[in-house]
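**Student:** Spelled out, the chains give:
Number of protein chains: 2
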Amino acid sequence: MERVKPRTLTGFMELLPNEQIEFEKFIAVLRDNYIKYGFYPLDTPVLESAQVLLAKGGGETEKQIYRFKKGDTDLAMRFDLTVPLAKYVALNYNELNFPFKRYQIGKVYRGERAQKGRYREFYQADIDIIGDGELSIIHDAEIPAIISDIFTGLGIHDFKIRMNNRKLLSGFFELLGFSDKAEDILRSIDKLEKIGADKVTAELAEYGVSPEDAGKILDFVATEGSIEEKLAAAEKYAQKSALYDKGLAELKEVVKYADAFGVSRENYTLDFSIARGLDYYTGTVYETQITSHPEFGSVCSGGRYDNLAGFYTDRDLPGVGISIGATRLFTVLKENGFFDFEKTSPIDALIIPMTENIGYCINIMNKLRNAGVKVQTYFEDKKLKKKMTYANRINVPYAVIIGDNEIAENKLALKNLETGEQIICTAEEAAKIINA
Amino acid sequence: MERVKPRTLTGFMELLPNEQIEFEKFIAVLRDNYIKYGFYPLDTPVLESAQVLLAKGGGETEKQIYRFKKGDTDLAMRFDLTVPLAKYVALNYNELNFPFKRYQIGKVYRGERAQKGRYREFYQADIDIIGDGELSIIHDAEIPAIISDIFTGLGIHDFKIRMNNRKLLSGFFELLGFSDKAEDILRSIDKLEKIGADKVTAELAEYGVSPEDAGKILDFVATEGSIEEKLAAAEKYAQKSALYDKGLAELKEVVKYADAFGVSRENYTLDFSIARGLDYYTGTVYETQITSHPEFGSVCSGGRYDNLAGFYTDRDLPGVGISIGATRLFTVLKENGFFDFEKTSPIDALIIPMTENIGYCINIMNKLRNAGVKVQTYFEDKKLKKKMTYANRINVPYAVIIGDNEIAENKLALKNLETGEQIICTAEEAAKIINA
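If you're matching them up, the sequences are chains L and B in order.
Positions in the first sequence are counted from 1; adding 547 to them yields the numbering used here.
Positions in the second sequence are counted from 1; adding 547 to them yields the numbering used here.
Among these hints, one or two may not hold up.
What the hints assert, rightly or not - Chain L residues, not near chain B, derived (Cβ > 12 Å throughout): (1) GLN671; (2) ALA789; (3) CYS972.
Said to hold, decoys possible - With a straight-line Cα cutoff of 20 Å, these simulated SDA-like cross-link-like pairs (lysine to any residue) come out: (4) L:LYS921 - B:ALA575; (5) B:LYS934 - L:LEU643; (6) B:LYS921 - L:LYS921; (7) L:LYS933 - B:ALA575; (8) B:LYS890 - B:THR936; (9) L:LYS616 - B:ASP619; (10) B:LYS728 - B:VAL768; (11) L:LYS617 - B:GLY618.
Calculated directly from the structure, the hints in this document are not laboratory data.
Beta carbons: idealized from backbone N, C-alpha and C, even for Gly.
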């Protein structure tokens, strides 16, 4: 038979079994929190009509898209979960109840050049709350509560949610007289961390921003202190731009209610430098850093937008949402030793028959399973040493060893594989110990 | 702005929110049972190298595949979960422990002609147990136990697992002297239900099978009675073909241990007519019918095979597995009124503020969430009637109504939206009632 060398494409995550168990647990934390907060699940196709998926068109994204024809149909694989949501809401508007809260955890596709940390297939885990014509600002304050619960649930406690408001930023440029240059300035500010203040000042000069005004902008976005101190600093520019004042009022509301939601001040702050791209977000914006690992960048980002589905419908659909790049976050956590794969097992106990009486072993397995124990039996006809090697290699915490002596007593030998301790007991007793 | 009409491609399931909740529950039953039986999760890419994915090549499947180039790379979307498993096991052989038990629940793609009940993107939910060189027959007997637990878990009790053994069938043709025609005969027998006994006899005649022998074959595959009666009928042909005898011995083992696993005789039987295709299965084969809906066909099928990954490796990797076409099964259940979408809600309770004191409402929501209640608040500034309409449309069982009177007492009004009954109580009391 002619053989093909098995391989998995570069940029496509494929985990080993133990890693996959931890990934499933990781995803479950996200999903369970989204459900707890009342989000509907959603599952849209991976493949869509290219015309529909690329309605917005243009830009860098389009080059990366997996797009192809099957017969006459021009198809594309989804590159995010936002465009499919927009399509879904526009398509099913009459069936939905607003505010419509949905989560979606699914794979998206970007044919990027392969490089470390870049995936061509990766999971995104998104939530969005969509209003019909309007959407209360209080939803914006619930978002950091959800982020907090998720990171705490993952066992990550040193995270910081940084929030800003796009109206505040744009309003600030407006009150300096640069309302027509707001996008250019934002694009420069977005690069601040990467290229530094001097280069940003030079770039701003190209747009006609004087060094003095550039200084004001850089000072503003670098405002430090407690949340109250930052709000007080922002107050100094009030009543010069309606947009700025609206942004500041929104930010105050978000802070007030985030506190009400119980989000710890340890875990959130304001950061006037955050813009999150150019043309989508219009109000609150979020980034989330893991404090001990700033090199991860933002691991959970999002914001408020005015119009989800303008390319599909003339209805006004404002929303607020966040996205977690789940594949990327899992990978950086894994690379930093966050998971202990040596303790990961698919089961709680492995039954090792030392008898011909397999029926008895199955009977014990049935009892353990009914008591909620994840258990399997090593049915292969091998020497004890080989069976124990298997038990050790799958990291199972308990072996249930059954020989004819145990059968005669209607019992089993329960061996704790970490301590080596072994006791003789009934299936019911074993289930209690294993579940404890 | 130029608008694109939103649409979803034909053959791609996209559910309404309530339907999606039920689909998630449905998938959770499958997943939880697979986990209970000790299977590792696995998640392989949707996109693979076409050369790798189509190593086996040929046939009807290849025409249906979504295959395209991105740059120089020849890509294909997976059309089942078996080929990716074969690739995975061959690729990671040294990292795996055998028997290797894995489940995978994921979307697969087939560009079939669109017709009712045919999907181009659909979920399969597979389990396989892979041995290294050999695999105990007892695993074959555990499969019906898993199927039973799944259907019982779904609330479907009138299902019947029908089992056969391919060696028994091929051996039967051999002992009649047709070992060189076994495949042709099998292909005809496979069509028995569709075309009837007369046409099968006519087809068999073309292969040189006399009407008398055709009668024997048709009688054999139609063997009726209890499991013991069928095994006794099969015993009559013993000791004429080693292959037949091996098949019969395996089938007896599977029956013996299926009984030990506690699979009810109500839910499984033998059926000597089942072949499950031609060139893959080599031992036990399974089909599962829902008795009250024979028109669904087999909703869970699979079997024992000798060699999982012959196209990728020279290692002998026998296995046994089953596949549930989850999208199809969910759809036929849905169409037959199996789910009550009118009672499906993303939350247990909706908080309806009748006060300006939103902070109090959020505080109540925090308490309910901490007590495990899935709850959200209707934050929009609308009339009570509109808020109650929202509550009714999302089918939430309880409304938590909070006005200034309730706040003064540090309480809330809990309204059962099914009975209309309303009581005043604390958050703790409400959590108890809602969780009950």
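**Student:** It remains to establish, for every hint, whether it holds in the given structure.
**Tutor:** Okay, the hints, checked on the actual structure:
no.	hint	in the structure
1	GLN671	14 Å, holds
2	ALA789	21 Å, holds
3	CYS972	21 Å, holds
4	L:LYS921 - B:ALA575	16 Å, holds
5	B:LYS934 - L:LEU643	15 Å, holds
6	B:LYS921 - L:LYS921	28 Å, violated
7	L:LYS933 - B:ALA575	34 Å, violated
8	B:LYS890 - B:THR936	15 Å, holds
9	L:LYS616 - B:ASP619	16 Å, holds
10	B:LYS728 - B:VAL768	17 Å, holds
11	L:LYS617 - B:GLY618	17 Å, holds
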